[in-house]
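If you read the sequences in order, they're chains A and B. Residues in the first sequence are numbered from 1 upward in steps of one, following this note's numbering. Residues in the second sequence are numbered from 1001 upward in steps of one, following this note's numbering.
Read the hints as simulated data drawn from the structure, not as lab findings. Keep in mind that the hints are not guaranteed to be accurate.
With a straight-line cut-off of 30 Å between C-alpha atoms, the simulated DSS-like cross-links for lysine-lysine are [claimed, not checked]:
#	chain 1	residue 1	chain 2	residue 2
1	A	K588	B	K1354
2	B	K1224	B	K1272
3	A	K636	A	K693
4	A	K574	B	K1100
5	A	K507	B	K1114
The structure displayed is predicted, hence computed values, not measured ones.
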Amino acid sequence: MSETVNFIVDAALIDRLGRELVSKQETALIELVKNCFDADATNVTVRLDGQGAGAALTIADDGLGMTRDQLVNGFLRLASDAKVREPISPKFQRQRAGRKGIGRFATQRLGSRLRLKTWHDPDMPGQEIFVDWERFTRGERLEEIPLVIFEIAPRGTTGTDLEIERLRDEWSDTQIKRCWRGLLALQRPFPIAPIKNLPTKDPGFTVAFFRGGNLYDSDELVADIQTEILDYAHGIIDLEVDQNGHARWRLSQNYFGPDRDWSRIHHAQGQSRAPEAYEHLHDISMRAYYFVLDRDYIPSIVYTQLRDVLAEDAGIRLYRNGFRVVPYGQRGNDWLRLDERYTQRSVLMPIQNRNFYGFVEVDDPEGGQFEEHTSREGLIENAPFAELRDLVSSTLITAAEIMAAQRGRKTRAGGASKPPAPVSDFVRQIRDAAKEAEEGASQTNNDGVQGTNRPNYAALLNRAGDALEAGNAEIADALAMLRMLATLGLTMAEFSHETGMAFESAKLDATAVFKSAMESSPNDQKLRARAQRAQSMIDRLYALTNYLNEVAAARSARTMAPVSVKGAINEMVKGLTEQALAVKVKIKPELPEYDPLFTVPMHGAEVASILLNFYSNSIKALKEVKVERRILIDAKKEDGNVVFRFSDNGDGIPAEHRPHIFDQFFTTRVAPSTAAPDNEQMRGTGLGLWIVKQIVDRARGSVKLVDPPEGYSTCFEVSLPAEVS
Amino acid sequence: MIRWILIDDMESERATYADHLSAEGSLTIDPINSEDVLSTLRATGDGIDGVLVDVDLSADLGSKHSGPGVAQDIRVAQQDGTLRAFPVVRFSMVGRVAQKIGSDASSDDLFDLKIDKDGLTDDVAQDLVRKKMLGVSGVYAFSRQNKTTIEEWTSLNPDQWAYWGHSDFEAGLRTADRDYLRAREYMNLLSSPGLLINEHLLSIRLGIEMGCKGWQSLIEALQKASFKGVSAAEFPRWWAAGLDDWWFDDIGASVPLSSLTVEERIGTLSEKFGDLSALPPGQGSPGNRPWRYCTLTLERGHGFLPVDPAEGVRMTSRRPPPSWADPQYAAIGPALELRDPRLDPTDLERARRKVEAYK
Chain A
1 MSETVNFIVD AALIDRLGRE LVSKQETALI ELVKNCFDAD ATNVTVRLDG QGAGAALTIA
61 DDGLGMTRDQ LVNGFLRLAS DAKVREPISP KFQRQRAGRK GIGRFATQRL GSRLRLKTWH
121 DPDMPGQEIF VDWERFTRGE RLEEIPLVIF EIAPRGTTGT DLEIERLRDE WSDTQIKRCW
181 RGLLALQRPF PIAPIKNLPT KDPGFTVAFF RGGNLYDSDE LVADIQTEIL DYAHGIIDLE
241 VDQNGHARWR LSQNYFGPDR DWSRIHHAQG QSRAPEAYEH LHDISMRAYY FVLDRDYIPS
301 IVYTQLRDVL AEDAGIRLYR NGFRVVPYGQ RGNDWLRLDE RYTQRSVLMP IQNRNFYGFV
361 EVDDPEGGQF EEHTSREGLI ENAPFAELRD LVSSTLITAA EIMAAQRGRK TRAGGASKPP
421 APVSDFVRQI RDAAKEAEEG ASQTNNDGVQ GTNRPNYAAL LNRAGDALEA GNAEIADALA
481 MLRMLATLGL TMAEFSHETG MAFESAKLDA TAVFKSAMES SPNDQKLRAR AQRAQSMIDR
541 LYALTNYLNE VAAARSARTM APVSVKGAIN EMVKGLTEQA LAVKVKIKPE LPEYDPLFTV
601 PMHGAEVASI LLNFYSNSIK ALKEVKVERR ILIDAKKEDG NVVFRFSDNG DGIPAEHRPH
661 IFDQFFTTRV APSTAAPDNE QMRGTGLGLW IVKQIVDRAR GSVKLVDPPE GYSTCFEVSL
721 PAEVS
Chain B
1001 MIRWILIDDM ESERATYADH LSAEGSLTID PINSEDVLST LRATGDGIDG VLVDVDLSAD
1061 LGSKHSGPGV AQDIRVAQQD GTLRAFPVVR FSMVGRVAQK IGSDASSDDL FDLKIDKDGL
1121 TDDVAQDLVR KKMLGVSGVY AFSRQNKTTI EEWTSLNPDQ WAYWGHSDFE AGLRTADRDY
1181 LRAREYMNLL SSPGLLINEH LLSIRLGIEM GCKGWQSLIE ALQKASFKGV SAAEFPRWWA
1241 AGLDDWWFDD IGASVPLSSL TVEERIGTLS EKFGDLSALP PGQGSPGNRP WRYCTLTLER
1301 GHGFLPVDPA EGVRMTSRRP PPSWADPQYA AIGPALELRD PRLDPTDLER ARRKVEAYK
């Protein structure tokens, strides 16, 4: 005996889809406006009338409306895949925003009753359907709750009205404003070029929000932001990823220096001039306006307004196929980890969310790259999303670093900076203000005339206070950096010594383990290869640790003494040869046999720092060299100076960069993403050669790029005064 | 089975070294910390043949000990007879010695040998350390048999000693009234080049590269001058004066070895021993009549760098060396670079002028 049965759909499913999948009322409203966009509407009005139990929300659009068939088989059909099958809207060819067919249940989330009116033809009668969501209760079968469709008179235009009654939530003014901002943010506040797949015949999409007759009109605010805010940006950062995954960026309208034209970028290949394409990411555009919230760079008349607006609305928003994806770029959302990095003080120039106003546009009509959570609140953090986050943060920081360097501010903790302006400057300003105030008072006393030339005491004090505050911030930054460097130095000296001790015995044990493993399995070639590889790496680490121990020991010596450049070079070569060979670089020292080449008194670690900086640059420059990679270090005494040259056959330094290589923060690398570990953040900061120059200058020597010896492409020459016998 | 104790405050490290330096069947090493070390040693009784001790024991709980402190306590106990005589060897990283001991020579007499922990990863280096440990244990075992004569210790008869030995050493051995003092005196003979020279110094004096093709036959021919005293197997040595006798008597030379250039030395020796290689010139060490090695280079763990005394820089130690020991030298290159305070200022200035002249 057999029996045929069916699934039964409980009416409570409606509640689940509506109230549980869309947690926030703002999100529900956004979903409904998305449907208007998909229906090729050009104008949408959202009206909130009444208060409390009698409150109602009406969303009216001038879109295409629905035929009876579309109403029954589309709107009333759960999980309809019509939008998946037809991802492009029929009239304006828009890429549809809603995909999963649950957006309509947002109406259930917002209120317990829905009245839907729709007109597909301006001259023909429309359809009306009334849904009382309270009838969809647990225990009822969904298909057994009847809904009645009425015919209504033509209204002369097409479109759909959604009247939601018995709202589930109170809508305070603050909520209305938040919702209004959310709706505003659905539309891009400014265009990114090129805007793809949007035919020019599309007149656009605007939303107006009314409450009891008060108008909140989006157009006006957009105009305000454009004219009152964006015009004060200090630079515009554009980013594009083409369909093949190649990313490029540019910096324009740079307030602090020359613009940077389009150049290729990959967050993980910071040093490469021809970075590879992204594996997952493609068809991305970004435009971000960058603001340095500093009174020196923003007219005082708009400073406060700008600061407040940016604090509220700035950030990098994310748009997918023309619609905003929340919560990215909302206040408090730090999807690019900009605030986090800034708070950790690993990046010192302003790179908080409030310093950027912009958006990323993802062109992903097939949904092949990104997938939204069903709750409509964010994207699933898959590989393309991770690449997007890394690329965008890396691009923003790279641009901010360039601008910071151009205005001479330090960019990263750990790097030195120009000394902060002395507090005495600010004290002088206060004294000037006091003097001004005093003169104003005495003039009053002498002349018996009040008020004509009297300074504005409050303004003067405010100015002086601001100056002191700025000075304090500078000093706090410098102190934070010094504290970090001091801690780092002490830790390094202490732990490198302990590491050296442990390493010696660890190497002893590891060597014995490898040896006995190979003896016990003489024919296991894989084991042999592994053991040899591990042994070689341990040897390399051993040599490096020993060298770092010596540098750390020299660093802890506080007194200055003549330094043997020959000794320092020999130690460096001994310590780094193995490491260099691992990346196929041969180091060749050419040193005098007897002359130790003593300099004037210096700190022992300073010469080591110079050599390490050159070495580090050479290794980067040699990375893409296909022939034999070579470093040559030669030294001699010449006219009372110790002269040493550091040469490599790497890819050389382009002529346009040569005048800037010793500048603070000058770097050609791309900043690491905010997700990169701390040690990555500290690399390639554009401080290496600047530090070299500081050391050399202090010793009254010189450092310059000179013609390289034959067979080499880059040569730095350092001349330090020799010790006077 | 020879049994040693390794005293170190770092548990893993001491276990590692004890493990690797032990030799199955001949040498066992027990790693311990320095807490209550004397009680432990006393409880072990006569079962100890030597102690390795790190200079830094500061990580041990409640301990104020340092390596020299432990060594001093052991020597005092050996003096009053509560511990039997056994060797005490300093066993530490070069960097830690520099930090904890520096140029303070006051603890030098406490240790029979000083072995660096650094660079013990290869088998050859480990074997060498093991041999030294077994050798110095042998020296103390011999001393505990109350042997006091030169002949017993050195295997030289009085006539030979009169030519190759030195009365000051003999006096030192005679006046040592404790087993450990006699052993210490003898270890000095083995450790300090002077009356005896090791294979490296032999190579330098002959002007022949150690280990070259004809080297072994040359060593065999030098049998007459080789040292045959206590622990000779563990400390291969040659009598310095014996080498001179061999040079004149067996080779038939008429000019002292030390006054000849490397080319002249190898020229003479090649006639008898065929395939020999000349000692390669040392980097930073000019001159072609090598006779000493550079103390600074050796102390830094960079091996034996030959020095021609006419081109080298003399060094003075903070404590006077035995009268029979060779003077210490540094090669010009390391001397000019390292500026060790033990370097003779006059020699150093002379070296500096020479370097200017080389340019």
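A quick look at each hint next to the structure:
1. K588(A) to K1354(B): With Cα atoms ~27 Å apart, K588(A) and K1354(B) stay inside 30 Å; holds.
2. K1224(B) to K1272(B): 16 Å, holds
3. K636(A) to K693(A): 20 Å, holds
4. K574(A) to K1100(B): 25 Å, holds
5. K507(A) to K1114(B): 21 Å, holds
Hint compliance for this structure: no hint is broken.
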